[in-house]
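Undergrad: Chains A and B, in that order, are what the protein sequence lines are.
Just so you know, this note's numbering puts 530 at position 446 of the first sequence, and the rest follows in order with no gaps.
Just so you know, this note's numbering puts 1114 at position 102 of the second sequence, and the rest follows in order with no gaps.
Keep in mind that the hints were calculated from the coordinates and are not lab data.
Computed from a predicted structure; not experimentally measured.
Check before you lean on any hint, since a few could be wrong.
Claimed, not checked - Think about it this way: if two alpha-carbon atoms lie no more than 25 Å apart in a straight line, the pair counts; the simulated SDA-like pairs of lysine to any residue are:
1) A/K107 x B/R1083
2) A/K484 x B/R1083
3) B/K1092 x A/A163
4) B/K1100 x A/L434
5) B/K1100 x A/C120
6) B/K1020 x A/K107
7) B/K1092 x A/E423
8) A/K543 x A/E423
9) B/K1092 x A/K107
10) B/K1089 x A/S528
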Amino acid sequence: MAQKSPAKNKKAAPRSPLALWEKGPGGRLLTNDAGCHAWVEEKDFRRVIAGGLGAKDPLLKRLSAGGFVRERMDFDGLADRWRTLNAHLGQGPGLHILVLTLRCNHKCLYCQSSAAGEGAKKTDMDLKTALKSVDFAFSSPNPAITIEFQGGEPLLNWNVLKAAVKRARQKAASSGKELKLALVSNFSLMTEEKARFLLAHEVSICTSLDGPAGLHNNNRIFAGGNSHAATVRWIKYFQEKYKKQAPEYRVFKPGALLTVSKHSLPRHREIIDEYARLGLEDIFVRPLAPIGYARELWGKIGYTPEEFSAFYGRCLDYIISLNRRGVVLREKMASMMLEKILNATEPGYLDARCPCGAAIGQIAYNHNGDLYTCDEGRMVGWEGDDIFRVGNVFRDSLRKIVSSPAARACVVASNLEAQPECSRCAYKPFCGVCPVYNYEAQGSLWGNMRSNGRCSLSKGVFGAIFARLKRPADRKILESWVAKK
Amino acid sequence: MMKQQNIKELVFETAVYSKEAVDLAAYVFSGRCGVKVLPGRSGARVRLTGGDGLDGLAGELANEALNQQCRIDLAKKNSKLAGMIVTKALLSACGGKNPGIRGGK
């Protein structure tokens, strides 16, 4: 413990606070760059900012322990905490998103993936590009590589998917890097044969589930049948395989993603009950972004940040109440934020990093080999604006891509220390901005956080999480979501 | 006969706004209406031309100029810290030698 001696710091006012703060229910939330947090009542807060805490004041002791008192800081401890919270700064691109095809057999209301019709031409990744993309992913300095197969619907390009999986496993074995493979699919084209291959090669499976059949099928339109039925059938299949496991390989629990549309807002209980019914242990309450098709239909399917925040709070309360009844279910966004807030660890959520993950944490590989800062950046490219294109897998090296003007601009623009609103925000240690969102919604990579919808929404989510952390009974449950086993 | 265009003009006082902030804000709005930055007696003038809704756009432009000015002012205070974070992130991602942030191990 290396506490700074008060005597050596004569310039500082006695017991002056070093904190970011935000008004919350019944007081102020204090945070600092090391990711510590503390609640103080409003009357105490006034004493704190005036430097009016006496040497024997119990509040001084509590705030000193969290690194909030300038003259009593444990620099080594706080630096260690900052380092683990920002571990991503030393890693390089870990997530590699291969867009195997732009074709999709669904026509989802909110699709952000710029999907093309099932019969579209020249929208599949060819074998050569897929193998080159896998090799490129392994040129990252990151010792842990995740390759995510996306689309469109990636099962429409099955042979290339299979070859890419095999190549990735070979590369992992020869390079010694840790490899995670993930498939995001709507399951409508899943077969026993494909499922067996994916299981045998330890590919984790994720799908979309928007709630009960009526709501899901209303959002996720599938001319070829009942999207919900196919999704549920294969979730159950992979759940069963997970329970049984296999002697030769690890079987992962299947995951599902919820995309919240306007139609979801009054139905939080039904949606969560559907996840619980299927034995899914995580539900990711994801907001829509006004990108792709969703932007054109925003009036019909979108909502205000305040509406989403209220919905999110209701979801958290209901999930917590189910936990009290013994149901194992966590909200994924909260879990990832709690990893930061409670454990000071970086959960690998690229949307909430400083700087954001664009090119330095993730790379999106388009079907034709073009490389983008992220999948959202690729979608902007599909709309005709290639501002987020950083190179091509055949022509450029990783170094060239990371040092491309687009990558550097995104890194600089998403540095919260350079954002006027963010640099003083209490949620800064846990948050991140998205240059693609800013560009699409406000016309510049920097955006203007005072009127930024994503910022309002993030503040709503953090407000909901911290409000529940303040209640001892809720806090206990939230702590259990990220307890180290 | 020429159709009369809607015009809205804003003045940004030099005492408050730098030319850089005004130029950046004007650029952000250049895709939404006609934007022209002109010299003025006490600061920069920004002339907006186009169709309807110029009053709303003018308000948004004023907010954006304030945002840009705050960003420039903030950079004067903590550009060193911001620069260290960006440098570390970019160099690490390239696989280059990783610079420790001062005070780190």
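Undergrad: Does each hint fit the structure? Answer for all of them.
TA: These are the hints, each one checked on the structure:
Between A/K107 and B/R1083, the direct Cα distance comes to roughly 24 Å. Compliance with the 25 Å bound is thereby established for this hinted pair. Restraint check for A/K484 and B/R1083: not satisfied, since their Cα atoms lie roughly 28 Å apart, outside the 25 Å limit. A threshold of 25 Å between alpha carbons decides the hint, and for B/K1092 with A/A163 the separation of about 18 Å falls inside it, so the pair holds. Only pairs whose Cα atoms come within 25 Å are accepted, and B/K1100 paired with A/L434 is accepted, the gap being roughly 17 Å.
Proposed proximity of B/K1100 and A/C120 is supported: the alpha carbons are some 23 Å apart, at most 25 Å. A hinted pair counts as satisfied when its Cα atoms are at most 25 Å apart, and B/K1020 with A/K107 does not qualify at roughly 38 Å. Under the criterion of a C-alpha separation no larger than 25 Å, the hint pairing B/K1092 with A/E423 is inconsistent with the structure, at around 29 Å. Using a Cα cut-off of 25 Å, the hinted pair A/K543 and A/E423 holds, with the two alpha carbons roughly 17 Å apart.
Using a Cα cut-off of 25 Å, the hinted pair B/K1092 and A/K107 is violated, with the two alpha carbons roughly 29 Å apart. Straight-line distance between C-alpha atoms of B/K1089 and A/S528 comes to about 23 Å, which keeps the hinted pair within the 25 Å bound.
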